[in-house]
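Enquirer: Read off the chains here:
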Amino acid sequence: MRFWKAVTAIIWKDIRAELRTKDIFSSMFVFALLSVIVFNFAFELRVPDMKMVAPGIVWVAITFAGTLGLNRAFVIEQDKGSLAGLLLAPVDRAAIYFGKMLGNLLFIVVVTVILLPLVMIFFNLSLLSWQHILVLLLGIYGFAAVGTVFSAMAVNTRAREVMLPILLFPVLLPVLVAGVKMTGSLLDGEPLSDVANWLQLVAIYDVGFTVVAYLTFGFVVEE
Amino acid sequence: MSETDTPMIEVKNLVKAFGSKYALRGVSLRVMPGESLVIFGPNGAGKTTLVRILSSLSRPSNGTVRIGGLDLLKHADGIRRYLGVVSHAPLLYDSLTAEENLRFFAGLYGMDKPDERIKAMLQRVGLWGRRGDLVRTFSRGMVQRMAIARALLHDPEVLLLDEPDTGLDPQAAEMLHGLLSELSRRPGAVASGSAAGIERPRTIVTVTHSIERGLAIADKVVILANGRVAFESPVDGMTAAEFRPIYDEKCSPSAPPTTAGVNGGGR
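Residue numbers (numbering that gives the first Met the number 0), protein chains in the order written: chain V, 0 to 222; chain B, 0 to 266.
Here chain B stands alone, though its shape is the one from the complex:
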């Protein structure tokens, strides 16, 4: 989709206002191809709004978003083909079966012969045995696993994950973590042999509250607070114990407003 020296995702001075309330106040970010960015932040920091704008579900009030070098507002239809999104809502039809859901979305994504891919994805999330069951009969965790299968169905270049482990039991969360590691080709993943078929690392943006899980899959971390980038840094072996005080400081109500796009801000 793009040259390797071009950022896969480039956000400049992004502002989003809902009436007089600002959800984002000038966010700037760069995510390189194959990079895994994890966004932390307290409730109301603007994380979900940012993911909704990146996924073209919401229009920014100001600022630009480029994905794969293309302006998102001008080329949204083309860019959507390269995006896989997991959000708070499962984005599924509960009156359709698991297989019917994936077949429907495969059709929308223009996949000609999706049978093998549907089977592979349902097997990957452990729902092949339930493929003929209506999604409304699934537990919260199973629905979330289906949401992950739907997001990965068309083999997207860019994954936007908004709290993807919501509702997952520890085993399913581990499965998701393994899958994300494979997709970003992190150490150990290929050796497990389960990364077959993944030819290149995907660019992944994950929003999570779990510092441990987030750091484990991140190349770079960002803390969003009050709609601004309060901290941005490569992980470089940073541990949860090192990161937690930074998070607490940046997200405390008394923290001063920060300049958008601080690079390497607290480290």
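Pulled out of the complex, with its shape left as it was, chain V reads as follows:
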């Protein structure tokens, strides 16, 4: 019970701080929007069917913008020394992980919810089906689950802004490939059952990395 109270307290703290500063959200949203606009202009004249590139654009925009958010989430904690304040509290390190991870997940989901209608307008596509939403949620969860650990790891390095994507993207590749594949197949009108293998891969990835993060986060954040 105390575990989840601590998780909730950390999420609410992050939401409250973000509503005041809009530090994380503004940088993520502007970057995601710019990515979509730039890709739109870059591909519009050369690609006959935007369905061919839209899945990649959506996932690149979400993961790149999400990386900015992940970076900011721990930089804010580290620069003010407040991460140490969290670590001094008598709560399981895993509660801190889940609090930060679910906060990150929420911010990425909010950016995605705003981004999707814009993608649909720019590329004249429909992404509003429960299958698309399921695929996006599973992928974004995996991204947040792994990204939160690597973000905590990278924040103590000198070149932390550069270090996070270097550490994160190789590990994230299965989710990114599976996400693009599934979104592409769904846009082509294939049923979800046709991409069941990819869906299972992402689900296993999500569960596996959540367990690994749960077990290792304490070692990551301590000297």
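Honestly, the hints are just simulated from the structure, not real lab data.
There may be inaccurate statements among the hints.
[What the hints assert, rightly or not] Partial list, computed: chain V residues near chain B (C-beta under 7 Å): (1) Arg1; (2) Ala8; (3) Lys12; (4) Gly80; (5) Ser81; (6) Pro89; (7) Glu222.
[Unchecked claim] The calculated label-pair distances, taken between Cβ atoms and stated as ranges, are: (8) B:Thr5 / V:Thr215: 16 to 22 Å; (9) V:Lys21 / B:Gly77: 34 to 40 Å; (10) B:Leu69 / V:Asn155: 25 to 31 Å; (11) V:Arg1 / B:Leu69: 18 to 24 Å; (12) B:Thr5 / V:Arg19: 44 to 50 Å; (13) V:Val109 / B:Phe17: 27 to 33 Å; (14) V:Leu133 / B:Val14: 51 to 57 Å; (15) V:Val161 / B:Asp114: 44 to 50 Å; (16) V:Arg1 / B:Thr63: 26 to 32 Å; (17) B:Lys118 / V:Gln77: 26 to 32 Å; (18) V:Ile120 / B:Lys118: 50 to 56 Å; (19) V:Trp11 / B:Thr136: 48 to 54 Å; (20) B:Arg199 / V:Gln77: 32 to 38 Å.
Predicted model, so just to flag it, every value in this text is computed and none were measured.
The beta-carbon is built from N, C-alpha and C at its ideal position, and this holds for glycine as well.
With the hints as your guide, set chain B onto chain V.
Expert: Positioned in the frame of chain V, the structure of chain B alone reads:
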């Protein structure tokens, strides 16, 4: 938390290395319940590293730390409940108000009805009138006072203070000094009437560069130099004038390496 004859803090042969550099080279210390230990030492002596290890923020490379009779590495989650820490960084969220900060930490410490305690702590550090203001609008001294309120919020048994008077104006430093005296129940503090609610003396470890202030709150002093205990002694009325030559001798670059845990070393 522990029997009175058991040291509240017991450090044995503590070593901390960062790569090939040693911050601590075999430090041993004992602090009894209710005792106030003040650690002096030049920059780079290992004082902050020691406090970080005692507060469970850093793992020792070797050696053991027991707090309240419990091994810190094995029982860190339980021991943290009894620790209050003031460090160089305020450990606060500047996008939250003073009251929101304390409410957040009260939640993490499992305090069920923290309103009265939050009010008492903000009043004690003179920030009750600013409780609704964001911490980022506070001056350095006010932030430090907030850091003290946060550290004392859950009424910890053990206080670990790393240069707690950094950034405080003389008035705030006096407030902090009074508060520490109350917490360690030093003579005069109870008579002032402001010690109400403090039922037992707290165990306090303070790192400071101010010899006068340090001696005023200390039962025992330690000088750390080059990651080793160069001097350890009860205060027993020692004055700053008596202590300063010892400090200068132990901290001079030409001082010979000392054995860890020298008891009563120079006196």
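Enquirer: State for each hint whether it applies.
Expert: Okay, the hints, checked on the actual structure:
| no. | hint | in the structure |
| --- | --- | --- |
| 1 | Arg1 | holds, 6 Å |
| 2 | Ala8 | holds, 4 Å |
| 3 | Lys12 | holds, 5 Å |
| 4 | Gly80 | holds, 2 Å |
| 5 | Ser81 | holds, 5 Å |
| 6 | Pro89 | holds, 4 Å |
| 7 | Glu222 | holds, 4 Å |
| 8 | B:Thr5 / V:Thr215: 16 to 22 Å | violated, 34 Å |
| 9 | V:Lys21 / B:Gly77: 34 to 40 Å | holds, 38 Å |
| 10 | B:Leu69 / V:Asn155: 25 to 31 Å | holds, 28 Å |
| 11 | V:Arg1 / B:Leu69: 18 to 24 Å | holds, 19 Å |
| 12 | B:Thr5 / V:Arg19: 44 to 50 Å | holds, 46 Å |
| 13 | V:Val109 / B:Phe17: 27 to 33 Å | violated, 40 Å |
| 14 | V:Leu133 / B:Val14: 51 to 57 Å | holds, 52 Å |
| 15 | V:Val161 / B:Asp114: 44 to 50 Å | holds, 45 Å |
| 16 | V:Arg1 / B:Thr63: 26 to 32 Å | holds, 28 Å |
| 17 | B:Lys118 / V:Gln77: 26 to 32 Å | holds, 31 Å |
| 18 | V:Ile120 / B:Lys118: 50 to 56 Å | holds, 52 Å |
| 19 | V:Trp11 / B:Thr136: 48 to 54 Å | violated, 21 Å |
| 20 | B:Arg199 / V:Gln77: 32 to 38 Å | holds, 36 Å |
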